[in-house]
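K.L.:
What follows is each chain in one-letter form.
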Amino acid sequence: MKKIFLLMIISLPLLISACGQGAAILKVGDPAPDFSLVDRQGKTWVLSELKGQVVFINFWATWCPPCLKELPSMQKLYTSLPKDKFKMLAILNKDKVSLADFVTKQKGITMPVLDDAQNVAGTKYFLTGLPESFVVDQQGILVEKFIGPAQWDSPRYFQMMMKYINK
Amino acid sequence: MDVMRKWVQVLFFFMTNGYWKFPYTRAIYKGPLKVICSPGLNCYSCPASTTYCPIGSLQQLFAGIRISIETGQFFIGFYVIGTMGVIGGFVGRMVCGWACPFGLFQELIHKIPSPKFGIWPVLRYFKYGLLIFMVVLLPLFAVDEFGTGEPWFCKYFCPAGTLEAGIPMIILQPALRMNLGWIFALKVFILVFFIVWAVLSSRPFCRTACPLGAFYALFSRVKLVRLNLDLNLCTHCQACHDVCPMGVRFNESPDDLECISCLACTKACKANAINLEIGGIPIVNQPKRPELKGV
Amino acid sequence: MKSKNQKKKPKQKNKIIPFVVIIIFIILGMIGIGLDEPSQILNQATQICLSCIGIG
Numbered sequence: 001m002k003k004i005f006l007l008m009i010i011s012l013p014l015l016i017s018a019c020g021q022g023a024a025i026l027k028v029g030d031p032a033p034d035f036s037l038v039d040r041q042g043k044t045w046v047l048s049e050l051k052g053q054v055v056f057i058n059f060w061a062t063w064c065p066p067c068l069k070e071l072p073s074m075q076k077l078y079t080s081l082p083k084d085k086f087k088m089l090a091i092l093n094k095d096k097v098s099l100a101d102f103v104t105k106q107k108g109i110t111m112p113v114l115d116d117a118q119n120v121a122g123t124k125y126f127l128t129g130l131p132e133s134f135v136v137d138q139q140g141i142l143v144e145k146f147i148g149p150a151q152w153d154s155p156r157y158f159q160m161m162m163k164y165i166n167k
Numbered sequence: 168m169d170v171m172r173k174w175v176q177v178l179f180f181f182m183t184n185g186y187w188k189f190p191y192t193r194a195i196y197k198g199p200l201k202v203i204c205s206p207g208l209n210c211y212s213c214p215a216s217t218t219y220c221p222i223g224s225l226q227q228l229f230a231g232i233r234i235s236i237e238t239g240q241f242f243i244g245f246y247v248i249g250t251m252g253v254i255g256g257f258v259g260r261m262v263c264g265w266a267c268p269f270g271l272f273q274e275l276i277h278k279i280p281s282p283k284f285g286i287w288p289v290l291r292y293f294k295y296g297l298l299i300f301m302v303v304l305l306p307l308f309a310v311d312e313f314g315t316g317e318p319w320f321c322k323y324f325c326p327a328g329t330l331e332a333g334i335p336m337i338i339l340q341p342a343l344r345m346n347l348g349w350i351f352a353l354k355v356f357i358l359v360f361f362i363v364w365a366v367l368s369s370r371p372f373c374r375t376a377c378p379l380g381a382f383y384a385l386f387s388r389v390k391l392v393r394l395n396l397d398l399n400l401c402t403h404c405q406a407c408h409d410v411c412p413m414g415v416r417f418n419e420s421p422d423d424l425e426c427i428s429c430l431a432c433t434k435a436c437k438a439n440a441i442n443l444e445i446g447g448i449p450i451v452n453q454p455k456r457p458e459l460k461g462v
Numbered sequence: 463m464k465s466k467n468q469k470k471k472p473k474q475k476n477k478i479i480p481f482v483v484i485i486i487f488i489i490l491g492m493i494g495i496g497l498d499e500p501s502q503i504l505n506q507a508t509q510i511c512l513s514c515i516g517i518g
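Protein chains in written order, with this note's numbering: chain X, 1 to 167; chain B, 168 to 462; chain E, 463 to 518.
Honestly, I wouldn't trust all of these hints.
[Claimed, not checked] Residues on chain X that point at chain B, a partial pick, calculated with CB under 10 Å:
#1 Ile25
#2 Asp101
#3 Lys145
[What the hints assert, rightly or not] Result set (DMTMM-like, lysine to aspartate or glutamate): computed pairs, CA atoms no more than 25 Å apart in a straight line:
#4 Lys76(X) <-> Asp153(X)
#5 Lys477(E) <-> Asp397(B)
#6 Lys105(X) <-> Glu312(B)
#7 Lys188(B) <-> Asp153(X)
#8 Lys197(B) <-> Asp34(X)
#9 Lys107(X) <-> Glu237(B)
#10 Lys163(X) <-> Asp30(X)
#11 Lys197(B) <-> Asp115(X)
#12 Lys477(E) <-> Asp422(B)
#13 Lys107(X) <-> Asp397(B)
#14 Lys105(X) <-> Glu237(B)
#15 Lys76(X) <-> Asp311(B)
#16 Lys69(X) <-> Glu312(B)
#17 Lys76(X) <-> Glu312(B)
Source of the hints: derived by calculation from the structure; they are not laboratory data.
All C-beta atoms in this analysis are idealised placements derived from N, C-alpha and C, irrespective of residue type, glycine included.
Turn these sequences into a full structure, and let the hints guide you.
P.N.:
Next up, the structure:
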């Protein structure tokens, strides 16, 4: 009896690591999965229609403190880049839009906030957690993937976006 | 009885951690079952977890309480507290002994041979401090300029979260390793500390640090299912002292806040003075033992 | 006779109090359901906030 329990506990991490090979996951270099979502102004955004532009996609929710923390720096990156060549889409992942409207107003966020209450885009992008951000290049290829928050207005990210814009 | 308890513990382990597709999906379970409360401390960011953790949920709701109130949606945490209270009112800390996966984990590693030590009783009050400060007050009041708090207990302390969610997620998603900082190092240290302590002492996390156990402990005198001491039968032989995994001296304090109703003492009591009762009606009567050795 | 009464009283109290406590918390839970809390909990529980568990 004791041995069975001990064996179960010991084998658990092994199972996790061993079965993890060849899993469903979205990698840099894959074509960015398409989605069609409506923003808070009622405009429909279809990713495949944005080819020729660099698209920054951020998944967030209002109950996620680090997501809220990185929003202002995203806003700064958004305003410092050319609007006709760069789009930033903040996708609200399974959350209430009324809460999001309050937060974006509070923080002065002007980028489009797309409602993904059903987690449609989130599922396609195999989200690990929140926040999670992706960069899609002009050809519609996923070129960057960030799990977790970042200081988006730092020169590093500005230069990174410029590199993809000027490619 | 102890074998039955083990099976109940295993059953609850798999009921609250029943999603085993995660090695393929590399993500947590996202289905509707997560609206159900896990009775024990079981991280809902654990890939296998099928229920929500009341302590985690409560902190998340408290951290966002200002935003929710200002938008006219009163997510105060009544549903979570209500569920916890119903569980507490029925069985109280019996959850710790029968349904908590982290309690089971500590019990199992305590079987590793080593010198065994007791725990200084004063340390038991630490968990009430954790409940009050890290689960309630800090998420409610330590807020940024926009009024958003943080889940302090989950973020800075919870070893169950590190074991069930932090480490598995890092194995599943190697990209996460870049993000690890001092907070994760602190949490791993706390986990290792409690694992080592659990080998040396019985259930140290439950006894000193579990905020959920602290909450359920408040129901020790008012819960429906409880252990009853028959003072007419008790011989004060102290047989119940040594067997108690929580360090309770049952014959001295039968309504002890630490009692997890694991029934170890009912088995040890040769006078059959301790019985499990539901609403005052005894349900487990130990068979009378003719030999009364060592009384 | 006297001792019997004394014995009975606390026992009856023991039988009622748990139900009172349970009913109070059921009402509290119902208020929570009325406020649509479960949907918010479901949203939060089905997505990880990595920083909230100490990663990142």
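K.L.:
Each hint: holds or not?
P.N.:
Comparing the hints with the structure gives:
Interface hint status for Ile25(X): upheld, as the beta-carbon distance to the closest one in chain B is roughly 6 Å, under 10 Å. For Asp101(X), the suggested interface contact is upheld, since its CB lies about 8 Å from the closest CB of chain B, less than 10 Å. Given the 10 Å rule on beta carbons, the hint for Lys145(X) holds: about 7 Å separates it from the nearest Cβ of chain B. Taking the CA atoms of Lys76(X) and Asp153(X), the gap is near 6 Å; set against the 25 Å cutoff, the hint holds.
Annotation: proposed proximity of Lys477(E) to Asp397(B) holds, straight-line Cα distance about 17 Å (limit 25 Å). For the given pair, Lys105(X) sits about 14 Å from Glu312(B) by alpha-carbon distance, which is consistent with the 25 Å threshold. The straight-line distance between the Cα atoms of Lys188(B) and Asp153(X) is roughly 38 Å, outside the 25 Å bound, and the hint therefore fails. For the proposed pair Lys197(B) and Asp34(X), the alpha carbon gap of about 21 Å is at most 25 Å, so the pair holds.
A distance of roughly 15 Å separates the Cα atoms of Lys107(X) and Glu237(B); the hinted pair therefore holds under the 25 Å criterion. The straight-line distance between the Cα atoms of Lys163(X) and Asp30(X) is roughly 19 Å, inside the 25 Å bound, and the hint therefore holds. For the suggested pair Lys197(B) and Asp115(X), the alpha carbons sit about 18 Å apart, so the restraint of at most 25 Å is met. About 15 Å separates the Cα atoms of Lys477(E) and Asp422(B), which keeps this hinted pair within 25 Å; it holds.
Restraint check for Lys107(X) and Asp397(B): not satisfied, since their Cα atoms lie roughly 63 Å apart, outside the 25 Å limit. Proximity of Lys105(X) to Glu237(B) is assessed by CA-CA distance (about 12 Å); at most 25 Å being required, the pair is judged to hold. Straight-line distance between C-alpha atoms of Lys76(X) and Asp311(B) comes to about 19 Å, which keeps the hinted pair within the 25 Å bound. Proximity of Lys69(X) to Glu312(B) is assessed by CA-CA distance (about 10 Å); at most 25 Å being required, the pair is judged to hold.
Of the pairs offered as hints, the one joining Lys76(X) and Glu312(B) holds, with about 18 Å between alpha carbons and a cut-off of 25 Å not exceeded.
Figure legend: structure checked against the earlier numbered hints; hints not met, in rising order: 7, 13.
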